[in-house]
Structures are given as structure tokens and as C-alpha cells.
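Asker: Sequence:
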Amino acid sequence: MIESFNNRLKRKTKPKTEFPTEQSLDTFIGVQAMDYNDRYFNRIHKGFGQVRDTLESYFD
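Using the working numbering, the letters of the sequence shown correspond one by one to residues 1 to 60.
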């Protein structure tokens, strides 16, 4: 999951040569993270389906 997000972030930032401020970079990464979460929220990764209930109980 982390590598997938990192690869997506690299693809999105490649066309941009630089960001004008650090805040604009933070905003860009935040928007990309929220978009990634929205897109893959209900996706069950291999092995996580078996422990999903347990993991959800830790974060409730």
C-alpha cells in the first residue's frame, strides 16, 4: 500500500519542477493522500480481510 501511494505521488509530482512554497507542497501532498484514501477506502488487501474486525476495534 505504501509503495503504491509513493509511486502515485511520484507520477503526480514529476510534471512539476518545483513548488513555490513549502505550504504549497504540503497542500499538494495532502490532497493526493485524501484522493488516494477516497479511491481505495473499501479495498481489502490480501491478508487484511481476515483481521479487519480486529484492526477496526483498535481504532474505534
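Just to be clear, a hint being listed does not mean it is correct.
Stated by the list, open to error - Simulated DEER-style distance windows between Cβ atoms:
id: 1; residue 1: Leu55; residue 2: Lys10; range: 21 to 31 Å
id: 2; residue 1: Tyr36; residue 2: Tyr58; range: 37 to 47 Å
id: 3; residue 1: Glu18; residue 2: Arg52; range: 14 to 24 Å
id: 4; residue 1: Glu56; residue 2: Lys16; range: 31 to 41 Å
id: 5; residue 1: Gln32; residue 2: Phe59; range: 20 to 30 Å
id: 6; residue 1: Met1; residue 2: Ser57; range: 16 to 26 Å
id: 7; residue 1: Glu18; residue 2: Ser57; range: 15 to 25 Å
id: 8; residue 1: Lys10; residue 2: Asp38; range: 14 to 24 Å
id: 9; residue 1: Gly47; residue 2: Thr17; range: 38 to 48 Å
id: 10; residue 1: Thr21; residue 2: Gly49; range: 34 to 44 Å
Worth flagging that the hints you see were computed from the coordinates, not collected in a lab.
Note that the Cβ used here is the ideal one computed from N, Cα and C, for glycine as well.
Asker: Would you mind marking each hint as holding or not holding in the structure?
Answerer: Taking the hints in turn, this is what the structure says about them:
no. : hint                         : result
1   : Leu55 with Lys10: 21 to 31 Å : holds (28 Å)
2   : Tyr36 with Tyr58: 37 to 47 Å : violated (22 Å)
3   : Glu18 with Arg52: 14 to 24 Å : violated (41 Å)
4   : Glu56 with Lys16: 31 to 41 Å : holds (36 Å)
5   : Gln32 with Phe59: 20 to 30 Å : holds (22 Å)
6   : Met1 with Ser57: 16 to 26 Å  : holds (20 Å)
7   : Glu18 with Ser57: 15 to 25 Å : violated (44 Å)
8   : Lys10 with Asp38: 14 to 24 Å : holds (20 Å)
9   : Gly47 with Thr17: 38 to 48 Å : holds (39 Å)
10  : Thr21 with Gly49: 34 to 44 Å : holds (42 Å)
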